[in-house]
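Peer 1: In case you want the letters, here they are:
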Amino acid sequence: MNMTMHSRWPANTARTWKKCLLALAASLAIGSAQAAEVNTTGLAVTDTTVKVGILHSVTGTMSISETGSVQAEKLAIEQINAMGGVLGRKIEFIQEDGASDWPTFAEKSKKLLVNDKVAAVFGCWTSASRKAVLPIFEQYNGMLYYPTFYEGLEQSPNVIYTGQEATQQIIAGIDWVTKTKGAKSFYLLGSDYIWPRTSNKIARKHIEKLGLSVVGEEYYPLGHTQFNSVINKIKLKKPDVIYAIVVGGSNVAFYKQLKAAGIDMTKEKPLVLTISVTEDEILGIGGENMVGAYAAMKYFQSLPNENNKKFVADFKAMWGKDIVIGDVTQAAYLGPWLWKAAVEKAGSFDIDKVRAASPGIELTTAPEGYVKVHPNHHLWSKTRIGHARTDGQYDVVFETKELIEPDPFPKGYQ
Amino acid sequence: MFAEYSSSELLSIFAMQGVAGLILFSVFVLMALGLAIIFGQMGVINMAHGEFMILGAYVTYLTSNVFSTYLPDFFSIYFILAMILAFITAGALGALVEWAMIRHLYHRPLDTLLATWGLSLILQQTYRTVFGPREVGVTLPDWLMGSYQLTETIELPINGLFVMCLALGISLAVALLMYRSRWGTQVRAVVQNRPMAGAVGINTGKVDRITFALGCGIAGVAGSAFTMIGSTGPTSGQLYIVDTFLVVVFGGASSLLGTIASAFSISQAQSTMEFFMSGSMSKVLTLLFVVLILMLRPQGLFTLKVRR
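Just so you know, the protein sequences line up as chains A and B, in that order.
Going letter by letter, the first sequence gives residues 8 to 421 in the numbering used here.
Going letter by letter, the second sequence gives residues 295 to 602 in the numbering used here.
A portion of the hints provided could be inaccurate.
What the hints assert, rightly or not - Derived Cβ-Cβ restraints for the label pairs, each shown as a range:
1. A:48 x B:592: 23 to 29 Å
2. B:369 x A:163: 48 to 54 Å
3. B:583 x A:316: 54 to 60 Å
4. B:536 x A:145: 32 to 38 Å
5. A:99 x B:570: 38 to 44 Å
6. A:321 x B:398: 36 to 42 Å
7. A:387 x B:412: 37 to 43 Å
8. B:476 x A:110: 35 to 41 Å
9. A:273 x B:536: 34 to 40 Å
Unchecked claim - Just so you have them, the derived chain B footprint on chain A, three or more residues with Cβ under 8 Å:
10. 130-138
11. 226-236
12. 400-414
Calculated from the structure, these hints are not laboratory results.
We put the CB at the ideal spot given by N, CA and C, even for glycine.
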């Protein structure tokens with residue numbers, strides 16, 4: 008008996024089938040070659056859409072600060088989509104809630120990168136949340152656009168830092184208060200986690216380098232609400248400047264109790280200089296409790312340039328006329344625009360290509376004026392000093408003449 | 295550490311520190327008294343206690359808005375009215391919660407824990423939906439701001455004094471209610487021996503409901519007072535709940551005097567240690583101190599001596 012296997016199909020049908028399959032394969036190859044250029048790593052990109060992630064706390068003690076970032080990122084995404092999207096694709100965002108809990112941030116970032124395969128994530132606020140998600144972004148090769156001013160000492164290939172790092176924010180602020188206000192003694196105060204501690208370390212080194220003195224340094228847990236003891240200590244030590252890095256809900260308690268203890272910040276004895284209170288926090292604190300304090304930031308809602316006037320108008324049109332916009336909110340707004348510019352320069356959504364295209368990207372339409380991405384993934388920016396008013400806004404009293412180069416690993420400060 | 299101060303300065307240091315300690319003590323008493331009544335007298339673990347406090351704070355916020363929009367001339371007295379409203383609102387919500395949910399769970403303490411935890415989540419989300427996720431600022435009347443200059447170096451914050459007087463007033467009121475009124479006798483009878491109390495004709499259900507409502511009402515007044523010193527947001531209640539339970543359990547759950555004694559010891563320990571070391575370290579040591587004492591005396595500082 009003949010044991011050879013005969014094809015089930017008559018010969019010419021088999022040939023037709025083969026031709027069809029070949030044609031199909033060829034068209035797929037050509038089609039995916041075109042899609043393959045923009046997405047070779049399997050990100051959630053189709054011919055008409057691209058998915059990104061938004062990861063902030065909308066619940067918990069940090070929600071007072073992070074809500075603004077979410078609003079800014081959504082505004083930027085809507086404006087980009089109205090202009091045609093990125094590489095012709097509309098941006099769809101997947102929003103997750105970090106709930107002011109760092110392990111939750113880590114878990115949600117893994118979900119966004121591994122399950123949803125987003126092309127970029129705009130998120131985090133506290134350094135603790137960023138440190139929690141960093142190993143995940145580095146392991147799964149994601150790209151995080153991180154908006155908060157922070158302590159530096161980090162430079163990850165998987166993060167673009169759209170907020171200032173410590174030398175840009177802290178050093179300029181201390182230089183201003185010593186030159187302009189003749190301050191000689193400082194009392195350092197902060198919430199107890201990595202950003203205030205590292206920032207105060209940098210501040211202390213700089214203050215001592217200038218030959219001035221630090222008369223006290225205190226930390227309180229996040230969420231702490233009783234500051235009477237430390238206010239007593241401050242009154243007794245009589246520093247020229249209270250350098251306050253209190254974060255989140257504790258801000259409300261601290262400034263209310265400071266005022267109740269009879270310290271009038273408008274008298275500037277002592278002067279209060281903060282790097283952690285933006286217009287968002289003043290909403291909860293109350294303008295009348297904050298008036299007279301100084302803040303060192305790169306952006307204030309009251310900046311008088313044309314870009315900012317348009318940005319504030321668009322923001323209020325989307326989120327309500329009573330909305331306020333702080334430094335981190337503006338930095339969050341820059342994230343989607345910087346990502347779009349990098350993707351279009353690279354011609355691809357691939358993280359490695361976006362990373363290679365990012366250094367040198369400039370934004371002249373930024374509400375803060377002008378920013379440029381540095382090869383160390385931070386932004387060149389100016390620093391301003393604001394003086395808090397009773398209506399919850401800041402008067403800008405000083406602006407550095409030049410853009411400050413970001414230096415996350417300053418020599419002599421570690 | 296004290297070398298650089300003169301003796302008069304040292305005196306004022308200690309005086310101001312003592313005042314700060316007393317203010318903290320009053321805050322703890324206000325927080326814990328409501329919970330002590332509920333947990334102590336009824337054995338109900340109310341995990342939503344912080345949210346009742348925040349309800350009082352939100353009522354204060356609404357009252358302040360209404361007054362500043364419609365009755366600006368009377369703005370200075372709105373705070374007293376706000377506290378009364380906070381008491382009524384929180385008490386009413388407490389009575390409703392007791393009738394709808396708690397009374398079915400009296401014999402199941404772990405289930406009340408879970409149920410009240412769920413209630414706290416529901417209330418938090420309700421606040422978030424109604425008032426927004428961000429914190430709201432409550433404007434205080436002028437007479438409550440600033441401080442009173444006792445001597446050249448000693449300053450007493452006025453809202454701290456207000457909180458102290460409020461705590462004193464409420465403690466006295468509760469003590470009078472518990473030990474001098476007919477209703478108080480009924481509550482104590484129910485606590486000591488519920489079946490017997492029922493047998494002699496006390497309406498235990500009604501007593502429970504009014505007790506729960508009173509505890510929640512006091513929480514509302516505490517929350518209203520706290521708008522002066524802290525933040526008012528959907529999750530602000532969580533900032534207080536741990537310390538509150540600490541004070542109540544440490545004092546001995548069934549004793550109001552124990553609550554006051556434990557509030558005093560914890561607050562003094564914490565504020566004294568805060569002066570000499572950092573805030574986090576003092577909290578750690580205070581908690582260690584509480585853990586050690588509870589290990590040696592698990593029933594708390596003061597207990598009810600009852601033959602069961």
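Peer 1: Between the stretch 226-236 of chain A and chain B, see if three or more residues pass the 8 Å beta-carbon test, and mark the coverage as holds or violated.
Peer 2: holds (count 9)
Peer 1: Against the range 48 to 54 Å, how does the distance between the Cβ atoms of residue 369 of chain B and residue 163 of chain A compare: consistent or not?
Peer 2: holds (52 Å)
Peer 1: Is 38 to 44 Å a correct range for the gap between the Cβ atoms of residue 99 of chain A and residue 570 of chain B?
Peer 2: Because 55 Å falls outside the window, the suggested range is violated.
Peer 1: Taking a Cβ-to-Cβ distance below 8 Å as contact, does the stretch 400-414 of chain A have at least three residues touching chain B?
Peer 2: violated (count 0)
Peer 1: Given a hint of 23 to 29 Å, does the C-beta separation of residue 48 of chain A and residue 592 of chain B actually sit inside it?
Peer 2: Since the Cβ atoms of residue 48 of chain A and residue 592 of chain B sit about 58 Å apart, the hinted range of 23 to 29 Å is violated.
Peer 1: Looking only at beta-carbon atoms, does the pair residue 273 of chain A, residue 536 of chain B fall within the given range of 34 to 40 Å?
Peer 2: holds (36 Å)
Peer 1: Range first: 36 to 42 Å. Now tell me if the beta carbons of residue 321 of chain A and residue 398 of chain B are that far apart.
Peer 2: At roughly 53 Å between Cβ atoms, residue 398 of chain B and residue 321 of chain A fall outside 36 to 42 Å, so the hint is violated.
Peer 1: Using the Cβ atoms, figure out if residue 476 of chain B sits within 35 to 41 Å of residue 110 of chain A.
Peer 2: Violated, at about 53 Å.
Peer 1: Between the stretch 130-138 of chain A and chain B, are there enough contacts, at least three residues with CB-CB distance under 8 Å, for the coverage claim to hold?
Peer 2: violated (count 0)
Peer 1: Does the beta carbon distance between residue 583 of chain B and residue 316 of chain A stay inside 54 to 60 Å, or does it fall outside?
Peer 2: holds (57 Å)
Peer 1: Holds or violated: 37 to 43 Å for the Cβ distance of residue 387 of chain A and residue 412 of chain B?
Peer 2: violated (50 Å)
Peer 1: Between residue 536 of chain B and residue 145 of chain A, is the Cβ distance one that fits in 32 to 38 Å?
Peer 2: holds (35 Å)
Of the hints listed earlier, those the structure fails to meet are numbers 1, 5, 6, 7, 8, 10, 12, in rising order.
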